[in-house]
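J.: Chain residues, written in single-letter form:
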Amino acid sequence: VTWNRREVLATFGVGAAHVLLGCGGAPPPIARPAVDAEEIRTWLREAVARLVAAGFPQARALAVSRWRTSAAVDALGAGVARSRSDGVVLATGSAEQVTSELSRAGVLAAVRALAATLRDPTPLEFPPPPPAVTEPRVLADYELLDRVTALAARDPNVSSRIVYSAALIDVDDAHVWAIGSGFDREQRIVRVRRSVTRVAWNGTRPVVSEAQRAFAGVVDDLDIPDGELFAATDHALALMTPTAFPDGEHAIALEPSVVAVLADAAVRTLLTTAAARRPEVGRRLAVGRKVASPTLTLVDDPTATASYGGYAFDDLGGPAAAVTLLDAGQVVGVLAPRHRAGHLGPLEASPSHLRLAAGTTDADHLVEDGFALEGGLSATVDPASDHVVVAAARAHEIKAGSRTGRVYADIELVGDLGPILASITGASAQTATFGMRDERDGLPRFRSIEAPWLRGRGTLRARRRPA
Amino acid sequence: VSDRRIDRRDLGRALSRKGASAWVVVERDQQIASIDQTGTTRSEQRTRWQLAVHVDTPTARGSAHVSLDAALGNADAIAAQAVDLARAGLGPAWSSPPPAAPARVDLDDGALHDPAAAAAHALPRTNAVGAAAIALREQVAVLTHAGFRTSWNATRARIDTIVATADHSLAVTCESRTLDGLATAEAIADAARDLDLLASAHAPISGPCTLVLRADALLHGGLGVWRAFVGQADAVVEREGLTRYREHTPVVPGADATAQPLTIASDGALAYGLESAPLGDDGEAVRRWTLVDGGVAAGLALSPREAALRGRNPNGGVRNLIVEPGAWTGPASGERVVEIRRLRSLTIDRYTGDASLEIALGVDRGVPFSGGLLRIDLIDALARAQRSAATITRGAYVGPAAVWIDRAELLA
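Protein chains in written order, with our numbering: chain P, 1 to 467; chain B, 1 to 412.
Simulated from the structure, these hints should not be mistaken for laboratory data.
Any given hint could turn out to be false.
As the list claims (entries may be wrong) - Chain B is faced by these chain P residues, among others (derived, beta-carbon under 7 Å): (1) Gly-79; (2) Gln-97; (3) Ser-160; (4) Arg-277.
Ideal Cβ positions, reconstructed from N, Cα and C, are used throughout, including at glycine.
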């Protein structure tokens, strides 16, 4: 959910710059190198056929040509950064060979590395090639800068108390081929993230607030609604209650962004085949065990329409399919390693698009007396002990079903995950969706989560001591 | 995709032709091999390019970073794109510093010459679950607009594993530039000892205590608690006035008058240092510099731009952290000495240095416990802490193996 100033500055290159939009003629659009999909398909089919001939009947090939464009604007200026990544993964089942040389020679060299000697390809029946993917229009730098500048300028209420303000549009365009004996797949995934950040001082400490939209599609498909954009400013400017937060157990309403960071961390840390090898996790979260409230049903669904983490096929070449992880509080599945960071990294178990089932309660009427935790920042789950720490930007005090006006900054939900999940007694009908992007060894991982508000009980504590 | 292999000299010539005033091209040819406990192997050959390009006008400078993970492409098109990007973001003028001699540092362990064999050799085979070893060998070549060129070889290895008993487990990660530096056997033995303690661990008891942070807790997740000082050395954050202390002032009042004033340096020229390199990604020479000198803030991580704007020399940023050891030997003394051996999580506020330490394993007056929390102002606590005379080298850290903090509050 979180991106930070460092990410914005990174898009500027070494020198952040004052925006000089409109000065001089518009630069020409940057041409993306032409990718001949049919040629790449031919190389991959040949590689698979040669590997099968060498005695690897499970041979598979995955190729990617990925192009990332980030446009950002902040107080220091605006900038665009681009990066490109090509690669091929050949896998035999027990060995993988990866190369960044996306050419026939590069693919053949990878085959040679796996098979030692290059044999004539075995005649294999491949299914007919899938229909050609639609080529999305690549925006020129000035078009992206126009959009990000407009996004940054849309909120008229940014006062001088906002000490830092930024907007970002990040587009990751991946063209992926997966070919093996009996399958031939191709997909084009354009992932878009629009985000604004506002920072204001609260006493001696900065308060950071964000609004975000992440989806798969065309840059202009979705925008951040005005309400969410203005709320980001309001949250940054909100005067926080200066008195000490009453640490302890409380009734809580968790906003979808808080639920999202918790669900993401819990699934990645606990509900994977790798995590199940740890004795504590294997015991606590064995398939069939009831570990959470019946309110909670959690599905990993990469087929969700336009989801930021979704896809048509995974990095093993298998078609996308939903996996139910929790069914009414009972563990019914775990994630197997089917994804690669940037489609090129080592296989790992990772969620794609998590969907936590919505309930029927109105989000405004979840808690009578307690705290509403908003602005999920991060979550840490210790697989050995089940201990969890969820950091949230703020907690609103609620009394007799209404917000009292007291708002505390930087609050943590702490405790063991099991009791927290068991305490959930309600979910809102309203949901929100968040996109997440992180990197492993310089390669991106994309996930998204659709979550409702949740009602439960838990131990809250102030993250920072009063200034 | 063009069939032409990208060549750094072609790229350089193309950048000059397209009007770049200054540029740095970094090419990394990497061989990476990994193996896991099931015997699954993975080999990777990749070429990574990083371009830093600057375009100057009489009153402004535009800059762009372009990265490519590809072996093939068209040098002219890449250069044109980088120059256009730089022109799209003109800002205050500054000049690239003149090239300085790269740091002389050895980063190439001959034992990692064949990454696949090295990974197989390094893979732990006993008492471990889900072990994986990865080894990397890379050739780095740097070319700049001024005609400066240099290259070096570097190696790196990493082990990830879980040490487990029937009831408990601990994750172990070892990373080094050399195979010998991994010290995997020692790390697994330490984890096995801690698992024995975990088996008899009790619940924590709240109250004030004298705190001893042992190596695994001190360096949780890499630099551990010392990360509090890294955020304070960020030149951009310092320029914005968001750091807790400023250069040439004590990091906390009285930090320069303690018995063992704290001194922390960044050494990017440390032989086989995990973060060592002759040059940074912007072509700047990496230097040893001091973050904190005798309790006083002494320096900042300076990129070429930050250095130019301040009229100083770039230093390559925070690299390996060298913390001066203290004089403390023997056991810590106090009414209640709590030794923290491992953490579940460590959260540090980058602006204030306030930290939350969730305890995975501690020893309270000889009795092991698990759970509990410490809230510590790390800048203050570490500036006044006693540091052990014994030192360790782990990852990007060289310094005391333990610190002794006089006053802390353990929260159950």
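J.: Next step is simple, just say for each hint if it's right about the structure.
T.: Hints, verified against the model:
Taking 7 Å as the C-beta cut-off, the interface hint given for P/Gly-79 holds, the closest approach to chain B being about 4 Å. A cut of 7 Å between beta carbons decides the hint on P/Gln-97: the least distance to chain B is about 5 Å, and the hint holds. Hint status for P/Ser-160 relative to chain B: violated, with the closest Cβ pair at about 16 Å, above 7 Å. Nearest Cβ of chain B to the Cβ of P/Arg-277: about 5 Å, under the 7 Å cut. The hint holds.
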